[in-house]
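Asker: Below, each chain spelled out in residue letters.
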Amino acid sequence: MTDGHYSFSLTTFSPTGKLAQIEYALNRVSSSSPALGIRAKNGVILATEKKTPNELIEKNSIYKIQHITDHIGMVYAGMPGDFRVLLKKARKEAMIYSLQYGNEILVKELVKEIAAVVQEFTQSGGVRPFGLSLLICGTDIYGYHLYQIDPSGCYFNWLATCIGKDYQNNLSFLEKRYSKDIETEDAIHTAILTLKESYEGVMNEHNIEIGVAYNNKPFKILTPSEIKDYLIELE
Amino acid sequence: MGSIFEYNGGCVLGMSGEGCVAIACDLRLGSNRFTTISTNFTKIFKMNDHIYVGLSGLATDVQTIYEILRFRINLYEIKNNIKMDIECFTSMLSTILYSNRFSPYFVNPIVVGFKIVYNTDEHGNRVKTYVPFLTAFDLIGAKSETNNFVVNGVTSEQLFGLCESFYISNQDENGLFETISQCLLSALDRDCLSGWGAEVLVLTPDKVIKKKLKTRMD
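Going down the list, the sequences are from chains R and F.
Each residue of the first sequence is one higher than the last, beginning at 1 in the working numbering.
Each residue of the second sequence is one higher than the last, beginning at 1 in the working numbering.
One or more hints might be untrue.
To be verified - BS3-like mimics (lysine-lysine), calculated; alpha carbons at most 27 Å apart, straight line:
{"#": "1", "chain 1": "R", "residue 1": "Lys-51", "chain 2": "R", "residue 2": "Lys-18"}
{"#": "2", "chain 1": "F", "residue 1": "Lys-207", "chain 2": "R", "residue 2": "Lys-92"}
{"#": "3", "chain 1": "F", "residue 1": "Lys-83", "chain 2": "R", "residue 2": "Lys-112"}
{"#": "4", "chain 1": "R", "residue 1": "Lys-220", "chain 2": "R", "residue 2": "Lys-92"}
{"#": "5", "chain 1": "R", "residue 1": "Lys-108", "chain 2": "F", "residue 2": "Lys-128"}
{"#": "6", "chain 1": "F", "residue 1": "Lys-128", "chain 2": "F", "residue 2": "Lys-79"}
{"#": "7", "chain 1": "R", "residue 1": "Lys-217", "chain 2": "F", "residue 2": "Lys-207"}
{"#": "8", "chain 1": "R", "residue 1": "Lys-92", "chain 2": "F", "residue 2": "Lys-79"}
{"#": "9", "chain 1": "F", "residue 1": "Lys-79", "chain 2": "R", "residue 2": "Lys-88"}
{"#": "10", "chain 1": "R", "residue 1": "Lys-108", "chain 2": "R", "residue 2": "Lys-89"}
{"#": "11", "chain 1": "F", "residue 1": "Lys-128", "chain 2": "R", "residue 2": "Lys-217"}
{"#": "12", "chain 1": "R", "residue 1": "Lys-217", "chain 2": "R", "residue 2": "Lys-50"}
{"#": "13", "chain 1": "F", "residue 1": "Lys-211", "chain 2": "F", "residue 2": "Lys-79"}
{"#": "14", "chain 1": "F", "residue 1": "Lys-115", "chain 2": "R", "residue 2": "Lys-217"}
{"#": "15", "chain 1": "R", "residue 1": "Lys-18", "chain 2": "R", "residue 2": "Lys-50"}
{"#": "16", "chain 1": "R", "residue 1": "Lys-41", "chain 2": "F", "residue 2": "Lys-79"}
{"#": "17", "chain 1": "R", "residue 1": "Lys-108", "chain 2": "F", "residue 2": "Lys-79"}
{"#": "18", "chain 1": "R", "residue 1": "Lys-217", "chain 2": "F", "residue 2": "Lys-79"}
{"#": "19", "chain 1": "R", "residue 1": "Lys-41", "chain 2": "F", "residue 2": "Lys-83"}
{"#": "20", "chain 1": "F", "residue 1": "Lys-143", "chain 2": "F", "residue 2": "Lys-79"}
{"#": "21", "chain 1": "F", "residue 1": "Lys-79", "chain 2": "R", "residue 2": "Lys-112"}
{"#": "22", "chain 1": "F", "residue 1": "Lys-128", "chain 2": "R", "residue 2": "Lys-41"}
{"#": "23", "chain 1": "R", "residue 1": "Lys-108", "chain 2": "F", "residue 2": "Lys-83"}
{"#": "24", "chain 1": "F", "residue 1": "Lys-128", "chain 2": "F", "residue 2": "Lys-207"}
{"#": "25", "chain 1": "F", "residue 1": "Lys-83", "chain 2": "R", "residue 2": "Lys-92"}
{"#": "26", "chain 1": "R", "residue 1": "Lys-108", "chain 2": "F", "residue 2": "Lys-115"}
{"#": "27", "chain 1": "R", "residue 1": "Lys-89", "chain 2": "F", "residue 2": "Lys-128"}
Claimed, not checked - Among chain R residues calculated to face chain F with C-beta under 7 Å, some are:
{"#": "28", "residue": "Pro-80"}
{"#": "29", "residue": "Gln-100"}
{"#": "30", "residue": "Tyr-101"}
{"#": "31", "residue": "Leu-106"}
{"#": "32", "residue": "Gln-168"}
Stated by the list, open to error - Label pairs and their computed distance ranges (CB to CB):
{"#": "33", "chain 1": "R", "residue 1": "Phe-156", "chain 2": "F", "residue 2": "Asn-148", "range": "45 to 55 Å"}
{"#": "34", "chain 1": "R", "residue 1": "Pro-80", "chain 2": "F", "residue 2": "Gly-124", "range": "44 to 54 Å"}
{"#": "35", "chain 1": "R", "residue 1": "Tyr-63", "chain 2": "F", "residue 2": "Ile-209", "range": "51 to 61 Å"}
{"#": "36", "chain 1": "F", "residue 1": "Ile-140", "chain 2": "R", "residue 2": "Val-117", "range": "25 to 35 Å"}
{"#": "37", "chain 1": "R", "residue 1": "Lys-18", "chain 2": "F", "residue 2": "Ser-144", "range": "52 to 62 Å"}
{"#": "38", "chain 1": "F", "residue 1": "Asn-148", "chain 2": "R", "residue 2": "Lys-50", "range": "49 to 59 Å"}
{"#": "39", "chain 1": "R", "residue 1": "Lys-41", "chain 2": "F", "residue 2": "Tyr-118", "range": "49 to 59 Å"}
{"#": "40", "chain 1": "F", "residue 1": "Thr-129", "chain 2": "R", "residue 2": "Pro-80", "range": "20 to 30 Å"}
Worth flagging that the hints you see were computed from the coordinates, not collected in a lab.
These numbers come from a predicted model, not from an experiment.
Note that the Cβ used here is the ideal one computed from N, Cα and C, for glycine as well.
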């Protein structure tokens with residue numbers, strides 16, 4: 001991780017006890033495209049806005065919601081470059097576990113591993129913290145889970161949460177509509193409505209992404225035509 | 001891999017019955033093949049309530065592998081907050097052995113216990129069933145799961161012959177105890193590097209009975 005002359009940590013405490021670099025990383029997250037996750041009674045979903053910076057970019061080449069394993073998915077708000085690094089690490093950790101123990105890693109365990117990596121980058125020489133927040137959702141023998149990892153390496157188990165731009169507003173919106181026995185279908189509708197609140201422009205099936213794990217089935221990223229069906233239902 | 005396994009001698013044996021399993025071993029510890037230095041060296045180790053491991057081979061590796069397995073299973077159970085499943089355990093043991101593919105641990109393990117299977121009954125309740133589970137390994141981690149008996153150690157050829165002849169499937173605990181004891185005792189009579197006492201553990205989902213057998217002390 002360290003190379004050359006920076007053997008000291010670039011993330012240092014301020015007199016008030018804050019880590020400025022982490023605060024700035026959180027600023028970076030709060031200015032990025034929003035993402036949200038909701039844990040329903042029989043499933044868990046992730047949803048995100050997928051705005052391409054330019055009309056000329058091939059839309060099919062950008063995926064914000066990604067699989068870590070068949071049963072665990074991940075989305076981010078923040079820097080895409082950093083996301084790819086953590087995604088690769090997460091996939092490898094999950095496979096190492098499967099190789100040794102012959103079954104799927106528990107969601108909590110995977111989250112702990114990734115959070116440990118994120119924390120390392122706040123306390124190592126010559127590196128900067130990751131400029132993103134992650135939402136990880138999945139199924140295991142203990143049920144459905146939704147976790148958030150922020151740039152400091154803290155992880156939180158959420159029933160429903162939003163990250164990225166306008167997350168405070170979106171979170172209050174979500175709080176009003178969330179209940180513990182919400183069905184997965186309703187959760188998807190709620191997610192789309194929440195994204196619509198802060199969306200500038202016209203939302204269609206190509207500029208949002210939704211991932212769903214429910215009824216003990218593997219984590220599935222919905223196709224644009226499936227998303228279109230949900231959007232039509234909400235008209 | 002000839003004489004390194006004969007340095008300390010010893011053998012282990014496992015059998016399955018109806019809702020029960022048994023694991024047995026001799027108690028001899030030899031030194032430099034023909035000197036007997038202990039008649040109290042057990043080769044059976046409890047990993048958790050439903051997983052027992054029998055380790056035969058070089059005694060130092062028996063002890064080391066046991067400690068490594070104990071470390072790994074405790075860490076797993078604490079981190080994941082769950083009792084380790086027997087299939088998970090056999091995968092883990094296989095990986096541990098293969099990780100030393102080119103400088104192997106000179107042990108031939110067997111794993112004996114119950115696989116816990118969850119089903120839903122007619123009323124929709126989740127029901128646990130305990131299925132007997134036996135697996136044998138070679139020194140570099142090749143697993144072979146069977147449903148009748150597993151043998152390992154210097155006396156394995158004699159044990160194979162006796163088990164093939166005497167094994168009866170779906171016996172109850174008492175019948176299983178008799179069968180496994182007779183197989184072990186007869187095999188020990190035919191090998192000078194094993195013997196000097198034997199013990200048998202019969203496992204059911206809710207209890208374990210450990211008995212020491214009276215053998216010829218030679």
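Asker: Work down the list of hints and note, for each, if the structure agrees.
Answerer: The hints, checked one at a time:
For a cut-off of 27 Å, the pair hint linking Lys-51 of chain R to Lys-18 of chain R is broken: about 33 Å separates their Cα positions. Distance restraint check for Lys-207 of chain F and Lys-92 of chain R: the Cα-Cα separation of roughly 40 Å exceeds the 27 Å cut-off, and the hinted pair is therefore not satisfied. Taking the CA atoms of Lys-83 of chain F and Lys-112 of chain R, the gap is about 19 Å. The hint holds against a cut of 27 Å. Taking the CA atoms of Lys-220 of chain R and Lys-92 of chain R, the gap is near 20 Å; set against the 27 Å cutoff, the hint holds.
Proximity of Lys-108 of chain R to Lys-128 of chain F is assessed by CA-CA distance (about 25 Å); at most 27 Å being required, the pair is judged to hold. Among the hinted pairs, Lys-128 of chain F with Lys-79 of chain F is consistent with the structure: their alpha-carbon atoms are about 23 Å apart, no more than 27 Å. Proposed proximity of Lys-217 of chain R and Lys-207 of chain F is contradicted: the alpha carbons are some 37 Å apart, above 27 Å. With a CA separation close to 19 Å, the supplied pair Lys-92 of chain R and Lys-79 of chain F stays within the 27 Å bound.
With a C-alpha separation of about 23 Å, the suggested pair Lys-79 of chain F and Lys-88 of chain R falls inside the 27 Å cut-off, and the hint holds. For the suggested pair Lys-108 of chain R and Lys-89 of chain R, the alpha carbons sit about 15 Å apart, so the restraint of at most 27 Å is met. About 22 Å separates the Cα atoms of Lys-128 of chain F and Lys-217 of chain R, which keeps this hinted pair within 27 Å; it holds. Between Lys-217 of chain R and Lys-50 of chain R the alpha-carbon distance is near 25 Å, which keeps this suggested pair within the 27 Å criterion.
A C-alpha spacing of about 35 Å is found between Lys-211 of chain F and Lys-79 of chain F, which places the hinted pair above 27 Å, so the restraint is violated. About 24 Å separates the Cα atoms of Lys-115 of chain F and Lys-217 of chain R, which keeps this hinted pair within 27 Å; it holds. For the given pair, Lys-18 of chain R sits about 32 Å from Lys-50 of chain R by alpha-carbon distance, which is inconsistent with the 27 Å threshold. Distance check on the hinted pair: Lys-41 of chain R and Lys-79 of chain F sit about 26 Å apart at the alpha-carbon level, within 27 Å; holds.
Restraint check for Lys-108 of chain R and Lys-79 of chain F: the C-alpha separation of about 10 Å stays at or below 27 Å, so the hint holds. Between Lys-217 of chain R and Lys-79 of chain F the alpha-carbon distance is near 25 Å, which keeps this suggested pair within the 27 Å criterion. Annotation: proposed proximity of Lys-41 of chain R to Lys-83 of chain F holds, straight-line Cα distance about 26 Å (limit 27 Å). About 26 Å separates the Cα atoms of Lys-143 of chain F and Lys-79 of chain F, which keeps this hinted pair within 27 Å; it holds.
The straight-line distance between the Cα atoms of Lys-79 of chain F and Lys-112 of chain R is roughly 10 Å, inside the 27 Å bound, and the hint therefore holds. About 24 Å separates the Cα atoms of Lys-128 of chain F and Lys-41 of chain R, which keeps this hinted pair within 27 Å; it holds. At most 27 Å may separate the alpha-carbon atoms for a hinted pair to count; Lys-108 of chain R and Lys-83 of chain F meet this at roughly 16 Å. The suggested pairing of Lys-128 of chain F with Lys-207 of chain F holds, with an alpha-carbon distance near 16 Å, which does not exceed 27 Å.
Of the supplied pair hints, the one linking Lys-83 of chain F and Lys-92 of chain R holds, its CA atoms being roughly 24 Å apart against a limit of 27 Å. For the suggested pair Lys-108 of chain R and Lys-115 of chain F, the alpha carbons sit about 24 Å apart, so the restraint of at most 27 Å is met. Restraint check for Lys-89 of chain R and Lys-128 of chain F: not satisfied, since their Cα atoms lie roughly 36 Å apart, outside the 27 Å limit. The closest approach between the C-beta of Pro-80 of chain R and any C-beta of chain F is roughly 31 Å, which is over the 7 Å cut-off, so the hint fails.
With a least beta-carbon distance of about 5 Å to chain F, the hint placing Gln-100 of chain R at the interface is held under the 7 Å criterion. Checking Tyr-101 of chain R against chain F by beta carbon gives a least distance of about 5 Å; that is within 7 Å, so the hint holds. Interface restraint check: Leu-106 of chain R against chain F, minimum CB-CB distance 6 Å, threshold 7 Å, status holds. This hint is violated: Gln-168 of chain R has a C-beta 34 Å from the nearest C-beta of chain F, more than the 7 Å allowed.
Phe-156 of chain R and Asn-148 of chain F have their C-beta atoms about 50 Å apart, which keeps the hinted 45 to 55 Å range intact. The given range of 44 to 54 Å is respected by Pro-80 of chain R and Gly-124 of chain F, whose C-beta atoms sit roughly 46 Å from each other. Distance hint check: the CB atoms of Tyr-63 of chain R and Ile-209 of chain F are about 58 Å apart, consistent with the given range 51 to 61 Å. With their beta carbons about 32 Å apart, Ile-140 of chain F and Val-117 of chain R fall inside the hinted range of 25 to 35 Å.
A C-beta distance of roughly 59 Å is found between Lys-18 of chain R and Ser-144 of chain F, which places it inside the suggested range of 52 to 62 Å. Taken as a hint, the range 49 to 59 Å holds for the pair Asn-148 of chain F and Lys-50 of chain R, whose Cβ atoms sit roughly 57 Å apart. The hinted range of 49 to 59 Å is not satisfied by Lys-41 of chain R and Tyr-118 of chain F, whose Cβ atoms lie roughly 20 Å apart. Separation of Thr-129 of chain F from Pro-80 of chain R is about 48 Å and departs from the stated range, judged on CB atoms against 20 to 30 Å.
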